[in-house]
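Enquirer: Working from the sequences, and respecting the hints, build out all of it.
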Amino acid sequence: MAKSRWYDTGARAVQVTGVALRHGLAAVPSVVRAASGGSAGIRAVRDDRLRLLVTDLGASYVKAAQLLSTRRDLLPESLCAAFGRLHDQVPPMRQQLVQTEVRAAYRDRPWPFVEFDWTPIASGSIACVYRSRLVDGREVAVKVRRPGIGARMAADFALLGAGARAIGRVPRLRRMPAATIVAQIRDAVLRQLDFGTEAQALNQLRENLDDLDFLRVPQALPEVSADGVLVMEYLPGLRRIDPDELSPELAELAVRRVLHCVYRMLFLDGVVHCDLHPGNLYIDQSGDLALLDAGFVVRLQPRVRRLFAEFFFNMSRGNGKQCADIVVRSTADQGREADLPRFRKEITELVEATHNRRIGEFKLGPFAARLFDLQRRCGLYAAPEFIFPLLSLLVIEGMINEFDAAVDFQAEAKPVLIKSLLTAVPIEPAVS
1 MAKSRWYDTG ARAVQVTGVA LRHGLAAVPS VVRAASGGSA GIRAVRDDRL RLLVTDLGAS
61 YVKAAQLLST RRDLLPESLC AAFGRLHDQV PPMRQQLVQT EVRAAYRDRP WPFVEFDWTP
121 IASGSIACVY RSRLVDGREV AVKVRRPGIG ARMAADFALL GAGARAIGRV PRLRRMPAAT
181 IVAQIRDAVL RQLDFGTEAQ ALNQLRENLD DLDFLRVPQA LPEVSADGVL VMEYLPGLRR
241 IDPDELSPEL AELAVRRVLH CVYRMLFLDG VVHCDLHPGN LYIDQSGDLA LLDAGFVVRL
301 QPRVRRLFAE FFFNMSRGNG KQCADIVVRS TADQGREADL PRFRKEITEL VEATHNRRIG
361 EFKLGPFAAR LFDLQRRCGL YAAPEFIFPL LSLLVIEGMI NEFDAAVDFQ AEAKPVLIKS
421 LLTAVPIEPA VS
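Position 212, counted from 1, in the sequence shown is what the working numbering calls 212; the numbers after and before it change by one each time, with no gaps.
I should point out that these hints are in silico values taken from the structure, not numbers from a laboratory.
Predicted model, so just to flag it, every value in this text is computed and none were measured.
Worth double-checking, as some hints may not be accurate.
To be verified - Derived DEER-like restraints, expressed as beta-carbon distance ranges:
1. Gln15 <-> Asp108: 28 to 36 Å
2. Arg256 <-> Val14: 45 to 53 Å
3. Leu212 <-> Thr17: 41 to 49 Å
4. Asp244 <-> Arg191: 32 to 40 Å
5. Ala368 <-> Ala81: 18 to 26 Å
6. Gln95 <-> Ser30: 26 to 34 Å
7. Arg33 <-> Gly137: 49 to 57 Å
8. Gln95 <-> Thr197: 25 to 33 Å
9. Gln95 <-> Lys419: 45 to 53 Å
10. Lys419 <-> Asp242: 33 to 41 Å
11. Val14 <-> Gln99: 27 to 35 Å
12. Asp213 <-> Glu402: 21 to 29 Å
13. Asp242 <-> Asp48: 18 to 26 Å
Idealized CB from N, CA, C, for every residue including glycine.
Expert: Right, dumping it as structure tokens:
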């Protein structure tokens with residue numbers, strides 16, 4: 001069995017290398033032609049070729065590009081726009097293939113549809129979504145998993161895991177939990193292939209956030225779903241709007257609502273949507289929200305939720321010393337080489353430097369990068385589970401920056417944080 005897995009991973013490595021070389025060679029003539037138009041023409045060719053490369057490499061790489069597309073503070077805007085087309089515009093499955101997959105899924109059970117439009121309304125890296133009507137008259141959205149995708153994604157993560165283990169053999173990086181982080185992301189992403197788990201997560205989010213009258217979450221319908229086919233309530237009227245379609249007041253309201261939803265997930269409910277890119281989170285012209293696709297949902301352990309809430313609360317108050325203590329408390333093994341005095345000093349300076357910054361001034365991506373780099377240099381690594389709360393915030397940060405960069409990202413969290421810290425998880429003893 002181990003030999004078979006190695007062959008699959010090795011074959012995938014050869015395939016990835018071949019695809020990258022093919023796109024690189026194919027780009028040469030286009031770059032030569034575009035050179036006459038200056039750097040703008042070359043950038044356009046680069047962005048389009050990278051989008052095509054990612055698409056050819058498959059779901060694992062598309063998921064990464066979808067996340068990167070929200071990071072206009074980290075990547076060129078033109079490249080973010082190119083990757084943004086992958087949110088729900090990945091090339092769809094052929095109609096005949098979809099029909100074969102769906103009919104095979106219901107081969108041993110009653111066919112629940114009276115109408116089925118085989119033209120996709122959304123096409124993602126793992127599945128395509130279609131509009132249909134049930135026998136009882138309800139209009140539904142039907143999510144159909146791409147066949148054979150599981151083995152390819154498993155091989156991709158095996159390659160990433162091999163790279164992480166190689167990092168672990170570098171003396172200076174030996175204590176970095178790279179392999180653990182890759183394994184946790186792998187498990188979270190591969191869970192997106194399990195539509196039964198997604199149905200449970202979607203209905204859990206719907207229940208947790210049911211009191212928010214500005215938010216719509218579709219109900220999953222497991223009773224009429226099948227293996228590889230998830231049927232859920234259809235939400236009409238969804239479309240992407242540009243920030244300039246909203247008044248400044250409505251844009252601010254929408255951003256505050258997005259932040260409130262995410263903070264509720266992170267600090268109170270512990271059921272966190274980590275993939276709120278523009279293909280999964282919609283804002284309408286009244287500032288109301290719709291949240292879709294619960295494939296990448298993570299349940300935070302109470303201890304991690306408590307520690308992250310404490311860290312975020314103290315960061316919002318500019319209390320760097322407490323933030324340093326919390327990271328130290330979250331570390332299972334500090335090791336003899338950990339430079340705690342330096343870590344405490346530099347994280348205090350980092351937190352105090354970002355205190356009271358608004359969304360347009362405070363960039364979570366560079367902040368997280370500096371935090372992780374500081375941990376690496378000091379030989380101290382926080383719980384790997386922290387990556388999921390950070391990921392949920394990183395994904396939405398790019399989008400809400402476009403709508404209203406003046407909202408105080410940290411201050412908006414305080415009411416939810418205070419409630420969490422007062423009512424949720426018991427306090428752990430501080431580290432002296």
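Enquirer: Determine for every hint whether it applies to the structure shown.
Expert: Consistency of the hints with the structure:
Checking the proposed 28 to 36 Å range against glutamine 15 and aspartate 108 shows it holds: the Cβ atoms sit about 34 Å from each other. Take arginine 256 and valine 14: their Cβ atoms lie about 49 Å apart, and the range 45 to 53 Å holds. Restraint check, leucine 212 to threonine 17: a C-beta distance of roughly 47 Å satisfies the suggested window 41 to 49 Å. Between aspartate 244 and arginine 191 the Cβ separation comes to about 37 Å, which falls inside the hinted range of 32 to 40 Å.
Restraint check, alanine 368 to alanine 81: a C-beta distance of roughly 23 Å satisfies the suggested window 18 to 26 Å. Range check, glutamine 95 to serine 30: about 31 Å between beta-carbon atoms, so the 26 to 34 Å window is met. Between arginine 33 and glycine 137 the CB atoms are about 55 Å apart, so this pair conforms to the stated range of 49 to 57 Å. Our hint of 25 to 33 Å for glutamine 95 and threonine 197 holds, since their Cβ atoms are close to 28 Å apart.
Take glutamine 95 and lysine 419: their Cβ atoms lie about 49 Å apart, and the range 45 to 53 Å holds. Restraint check, lysine 419 to aspartate 242: a C-beta distance of roughly 34 Å satisfies the suggested window 33 to 41 Å. Checked against the given bound of 27 to 35 Å, the beta carbons of valine 14 and glutamine 99, roughly 33 Å apart, stay inside it. One distance hint, 21 to 29 Å for the beta-carbon pair aspartate 213 and glutamate 402, holds here, with the actual separation near 25 Å.
With their beta carbons about 22 Å apart, aspartate 242 and aspartate 48 fall inside the hinted range of 18 to 26 Å.
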